[in-house]
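Visitor: Chain residues, written in single-letter form:
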Amino acid sequence: MRTRRISSLLILISLGFVLLGSAGCAKVNPWERDLLARRDMAWEPDSLEAKRESHVYFSKEASMPGGSGGGGGCGCN
Amino acid sequence: MRGGEIEGKIGGAQTPAADGHALPSRALTALTTSALAVPGLALPARADTPIEQASAAYAFSYYVEDDLSPGRFSGSGDRQRYEVLTHQLELDFPVSPRMDVGIDFLQEKMSGASPWYVEASGDERLQVMSGATIDDTRYDLSADLDYYMEEAKDTFSAGFSKEQDYLSVHGGLGTERSLFDDITTVSASAAFSYDWIEPNNPQLSLARPSSGEKWAVDLFGGVSQILTRASAIQFTANYKHSNGYLSDPYKAIRGIGPSDGIISDQRPERKNQGSFMLRYRHHIEMNDLFSASVHGDYRFYVDDWSVTSHTFELGWHQNIGPVTIVPAARYYSQSQADFYDTVLPAGAQQSDRADRSSDYRLSPYGAVSWKIKIETALEDILEYRPGNRLGGVGFSGGLDLFVSVSYERYLSDGAFAFVSVDEKDEAPALVDFQIWAFTVSGRF
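Which chain is which? The protein sequence lines are A and B, in order. Heads up: the first sequence begins at 1 in the working numbering, then just goes up one per residue. Heads up: the second sequence begins at 1001 in the working numbering, then just goes up one per residue.
Please note that the accuracy of each hint is not assured.
In the DMTMM-like style, the derived pairs of lysine to aspartate or glutamate whose C-alpha atoms are separated by at most 20 Å in a straight line are [what the hints assert, rightly or not]:
1) B/Lys1424 / B/Glu1119
2) B/Lys1214 / B/Glu1269
3) A/Lys27 / B/Asp1181
4) A/Lys27 / B/Glu1151
These are computed hints drawn from the structure, not numbers from a lab.
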């Protein structure tokens, strides 16, 4: 069971790096990044909403938020 | 963190729908997610400079859980569960040509009854709720300082969170580097937190401790990558080690036998958690008035209490002139902790099970949620003359306002899980809730 979990973890990590690596040769010039710079293209376009939801999920689910901390507070009740 | 701000301002110069309210946050949020949002997607000219305009954002939200259904309830407690009224405020402003500061404040009032322990009736499981309604207020204050260098940024964050029975302090350091002409951004951070808990009314519950402490170290690493002119991807990994009092003093578990009593919730004093997240963003230009961005996120989580989980999120940001409509959906599924049980076997004593918990958050279940948000941008609605002092902290002489309302519905159930959940293992307290939120932000 533990071995299976570790394998699936390794597969996932590898997949992440393969996906990123496969894009390593992409050439997007600085002056071509207007679409990427849009607010609706941000990883977290609305920080207050992201923090609020992160805290709610941290308080109500067993998992740790990915990429950001649930942080402060008991999360009890 | 002010990733959105920098992006917003860059976008603001070039795209009509851009926004940019400031995004300061507590330690990890500042050091991780939002931090990554900046250089990977921002223009190089701005990626290594502080924000130029000050900004402020305020949000009010109402979180309310559904009442526990009569068919899953036992005892004389209150079926009415938690509701939370939250005020959030964040400020971001430049303080020097190389530094900017973010300040984040939160106040929330919580009230309602809380799940206590579970009764068994044959295969059926019924929830006993806490007798008294809990009323508490939480205050959270955090600040972060960003220092910008050529193709790089370092961040320092610190903050605390205080409730009547709980105090948490935290601090962290983070760094990020832009590579290959800002096509790739690499980030790393470390944070430390220390928490103290002093449960209310320790005399009211068996083995409820009079106090407890814990500490945690959180490490983070991430890579974000521009794929094409309209798409980007990000991979992040988190590891967290917690040590100390990790139980819930307000929860208990009982034996199934008629003469068995209830005993306290007790969890291991150590926990190792890992999560891996993959995020994708893609923009679709339709015409001068219409455009859209697609957001897809996947997270895998695992810990050494045997919980694993999968989370999928999909969002569609539809821009129609100055208005953006965002429908989004989320699916979550987790397995149970190895010491979770709704009830203990007949005759089980405290000593038989060193670790035990009936907490629904450690049970096997799945959850679906959906959300709709509407935002509008009101740009250049005011002009003013900032003095030298205000000009020095990013007041530019104009004001842009952004207003949004949103509604989210969340439903959880054993039947929604990836794997089938036995009736005897399904927690009767699995929660359904909704969140209403209103946000207004300004860029000065």
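Visitor: Hint by hint, note whether the structure agrees.
Guide: Comparing the hints with the structure gives:
Note on B/Lys1424 and B/Glu1119: the hinted pairing holds, with a Cα-Cα distance of about 11 Å set against a maximum of 20 Å. The hinted pair formed by B/Lys1214 and B/Glu1269 meets the criterion: a straight-line CA distance of about 9 Å does not exceed 20 Å. Restraint check for A/Lys27 and B/Asp1181: satisfied, since their Cα atoms lie roughly 9 Å apart, inside the 20 Å limit. Between A/Lys27 and B/Glu1151 the alpha-carbon distance is near 18 Å, which keeps this suggested pair within the 20 Å criterion.
In terms of the numbered hints stated before, the structure departs from none.
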